[in-house]
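K.L.:
Sequence:
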Amino acid sequence: MVPGYHEVRELGAGGSGRVVLATYASTGAYVAIKYLNAAMRDDPWFVARFREEARVMVELRDPNIVRFYEYYEDVLEAAIVMELVDGVALRRILSGHGSTSPEAALVVLKGSLTGLASAHAAGIAHRDYKPENVLVQADGTSKLADFGIAARIGEPGTPSGTPSYMAPEQWAGEPAGAAGDVYAATCVFFECLTGRRPYEADHPAALMRRHRTAPIPLEAVPSSVRGLVARGMAKDPADRPPTARAFVADLEVAALSAYGPEWEQRGRRHLAELATLLALTFPLAKPSPRVSTSVARSVVGRMGGIRRPRLGPRVMAGAAVITVAVTVGLVAANRAPDRLSADTIFTPAPRSPEAGDTPAPPGRTSHARTSPGKDAGSPPPEPVTTPGPSRRAVTGRTVPSSASTDRPPTSESTGPRRPTPAPSRTPPRTAAPSPTGTPPPAHAVSGLAITGITAGGATIGLRASTTANVVLTVGFAEGRTPDRLTESPPRSLTLAGAGAYSPAVPHTFTPPACGQTLYRRVTVSTSPQAAGGPRTRTAEVRGDPCPAPSVESVDIVSFDGTTVRFRVRTGGTSAVTVKLGSAQKVVGGEGGFTSAVRTLELSGRTDYAREVAVEFADLPACGEYVQRVVTVATVPGGDMRSRDVRLPLPSCEPDPDPGPSAPDRPSEDGPGPDGSAEGGIL
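Quick note, the sequence shown lines up with residues 358 to 1039 if you use the numbering used here.
Think of the hints as simulated: they come from the structure by calculation, not from any bench.
A couple of the hints might just be wrong.
Under the rule of at most 20 Å between Cα atoms (straight-line distance), these lysine to aspartate or glutamate pairs were calculated in the DMTMM-like manner [as the list claims (entries may be wrong)]:
#1 K942 - D975
#2 K942 - D399
#3 K942 - E972
#4 K942 - E434
Since this is a predicted model, take the numbers as computed values, not measurements.
Taking the hints into account, I'd like the entire structure generated from these sequences.
P.N.:
Structure representation (structure tokens):
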């Protein structure tokens, strides 16, 4: 297991190793980790070449190539940490649908050639381009994976790669290079167009002859792209396009003349449709334990243990696919987000108070970003203009409390009703009007709400029934846990002269450090007291992800067979994991081969010097010699260093050979000093 990552589950296994889904421990970001198989780890030629290419691949950033984060190696395992592509391999699409539209095939070829061009410019060849290494995402774009880890079969000098896509020169034993990548990409292009490989045979020797001598089956592809197939699959590398980038230029000319200016949009849309049909097989999909379809081998027919005969697997799987496809369609069409996707807040109708709520009216809170039970308030039923700080300035979304409709109470008499007097024939005398005027309306506050929390303070909204003074008191608190916040002195301000207010109350909150989560709480009250009392709102704020630590150098200063001194220099003070590997091999004695790995954590500095006693198996009593090896590797990946020593052992004395005695001539004297028996018989 690569230190610094948490493995989630295995995604699959192939000829070059197994791939697992993992998360980076510091940030939680998803990654894919490929553990190379034992044959690759034990191949010194491959390991030496791949170490050099890994340094280049880490710096290579192209949207058509799976991002390479680090290469990790110790005495027990070797692994590649790379970008997680939430999509499906082109092989799965071809297996399920046979072929694609010509425009979709052109989109795949263009994306692959563009990625190959970037890699070739950096001196890296893929060496094993095939549909399994082309990953198609839900938006129809694709990425190339597994650069430089083609499985080597047999002795050095034999062809390496996948036979169905190997160029003629590879069959002849020549090293795979950029021209071979162009040939393989064109073979996959042919398969996308026709649903079959360009050459097929039951035996590798027959397949080799066809790749080297058989005519290119151009009649199987549309006439509009036959020129591309003929150039890309030319037998002689010199007859192919000189570079992958030059081939892209030829492709765009052919596609534009045959399918019009919108060929790429149509092709990408078709690929997106084919990929979303397999959305349940994406790495981040979370299928239920009893889910199955005819394509993904999952069953969707039981919901909570109840059999639903009319909602069979195809209907349920189709609903999930339609949901994904609609989402992709909206993104592709660049439609404006609806209200639910914006920062608009929807509040439910008021409900009765429950035990455990804050004094303010209870509200529905966000379980992801807002602390339960901390958020209460009443946004005004009418919009309140908020010229204060923008809510988007807060890192992390804050959800205001639910609404409580402010309605004036209806006054009714609760005492006994007097009987209605009998009508009188004499009209009653009208009383003279009172000389006193109409009493002034009561001064009341309603609609009090905390409408926003930013790094620079809070925005408050309220309404007043008159233009008289309203004293607003705002309290601020912050901390690392929502239950233990540090309060600051409250701020008060007087509002007057209007019927609605939305003041911005300044306060400087502490910005969260990278990777840190802080909580900010705002409490507001008014005089006269607002209907429903004070309001409280808590916001969760997350800092930016911390940059990954970098290792500048690793050196082994000395190793005497028992103690190693090493030095590590880093580009920052973030934590760095050191894997100290040790191995011992006994030659000419008992003990064989033993190994172990020890993990050390370094942090807080940029230069570390350590002296560590290495644990080895006990030395045997005798033999020729013992070879001890120590390796130092870091996570994140820096250069791995190794040092070995040879310790001599005492010679093992041979067992004395008494020699056989002649059965018909027993000897009483025993063997002589020179080891021979009497009479010289051994």
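K.L.:
Could you run down the list of hints and mark each one as holding or not?
P.N.:
Structure-based check of all given hints:
no., hint, verdict
1, K942 - D975, "11 Å, holds"
2, K942 - D399, "16 Å, holds"
3, K942 - E972, "14 Å, holds"
4, K942 - E434, "18 Å, holds"
Going through the hint list in order, the structure satisfies each hint without exception.
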